[in-house]
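Per numbering that gives the first Met the number 0, the very first residue in the sequence shown carries number 0; after that it's consecutive.
Because the hints were derived from the structure by calculation, they are not lab data. There could be a bad hint or two in this list.
[As the list claims (entries may be wrong)] List of simulated lysine-lysine pairs, PhoX-like, C-alpha gap at most 20 Å:
1. Lys446 / Lys264
2. Lys35 / Lys69
3. Lys280 / Lys314
4. Lys35 / Lys83
5. Lys195 / Lys229
6. Lys428 / Lys264
7. Lys35 / Lys426
8. Lys69 / Lys83
9. Lys91 / Lys69
10. Lys153 / Lys195
11. Lys83 / Lys206
12. Lys405 / Lys428
13. Lys426 / Lys264
[Said to hold, decoys possible] Computed beta-carbon distance windows for the label pairs:
14. Asn422 / Ser87: 31 to 37 Å
15. Glu121 / Phe77: 18 to 24 Å
16. Ile71 / Ser98: 15 to 21 Å
Because the structure is a prediction, the values reported are computed rather than measured. Beta carbons are placed, not taken as given, at the ideal position from N, Cα and C, and that holds for glycine.
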Amino acid sequence: MAQTQHHFLLVTYPAQGHVNPALEFSKRLIRQLGAKVTFIITASAYRKIGRVPEGFNFVVFSDGFDDGFKSIAHDHTFFMTQLKTRGSESVKQTILSNSAQNNGTHPITCLVYTPLLPWAAEIARGLNVPSALLWIQPASILRVYYYYFNGYDKLIRDCTSSEPIELPGLPALTSHDLPTFCLPSNPYGFFLDAVKEQLDMVASEEKPIIFVNSFDALEEEALKEIDDGKLSMIAIGPLVPWGDLVFEKSKDDDYIMEWIATKPKGSIVYVSFGSLLVLTKNQKDAIAQGLLECGRPFLWVIRNGGVEGEENKEKVGYMEELEKLGLIVPWCSQLEVLSHPSLGCFVTHCGWNSTLETIVCGVPVVAFPHWTDQPMNAKLLADVWETGVRVTPNEDGVVEGEEIRKCIEMVMADDEKGVAMRNNANKWKDLASAAVKETGSSNTNLKSFLELI
């Protein structure tokens, strides 16, 4: 009897940090493993996707926020309720219709969902379809959340900036390193509730499956099972969208790359804080001062239209001086920029997608984290993988321009420390590339999972 072709149903929260790795995961399932993929996505997220390869089948539904969720204008609880109600209907209908079509020859054999959507796994269970969580942050973050809800909550909440705590499988952590949602200062209690609901759903599974967007060599200790298998993780990353899976396109892309190509090898400072984070004017002015004091060519992405409002280059001080030294643009193809030999340093907020992209491109970093998983990612980059340095705020919690300048110079220097960081960046680049090869750890892990289902 011929082996049944696996048919995966991918369901993702409608944010770029969720959709991008889910798309890359889908591409890998199709191209490397010959699986069929159906991708359920909201109308707002679908409109942002550029070209996609053959083999993708999209089911697009409206969550009632077709122009996208904006926290400054919309109620988060109502948004999540709408997403659950309309998303549940779409997931259920998709599973049932695929079971009925063509005499059931291509039924859904596994549902994969990103965090914040535990209802998707509940529907799959009710229809006797195996499910797996695709964790889009590092395994280290998942460990912290697991421990928080399994006896370590007081230790984590009471953690200070001066007295590190020890958690199994993780480096020593201070309050500056922990996910901000676990701290007493967290104003987003609903998110921590959502994480608990997610982990409770995983714990209720007989044999829970968690895919992690990481690779074995990168988080060897963090990926080990917890509490005798109560939490087991399968590393299948890095899920980095090379080539034909992209968000947005910039009409200025060609000009940007032509400008980069005119600069010497390893000379450019690239500055970007992702698609969600909106910098204050003081933060932008500090970055501007740091770049000017460095005197190096730079590419700085300041997005037009952040989550909380508009960001544009007119709000940055020292514009006349800056424009003589570098480029300020609203968007660029980040992977293309990071992979160019003229790049010497990336000043980043340390979102996990950007963190993985620095790793696969072998670019050293200046870590400038703000919230959620970013402090932990910065800790890993600077102290564990040793591919960069982390900015230090002053006594008032403000990162000054002089600090940014100093960090950039440390990363790009030709002294022993600067050379070591660049060598480490190249080492992790090679290990990341090896993980996704045919015989690499991530590809082998994924094939082993397929044999189970």
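*Identify every previously stated hint that the structure contradicts and give their numbers, smallest first.*
1, 2, 4, 7, 9, 11, 12, 14, 16
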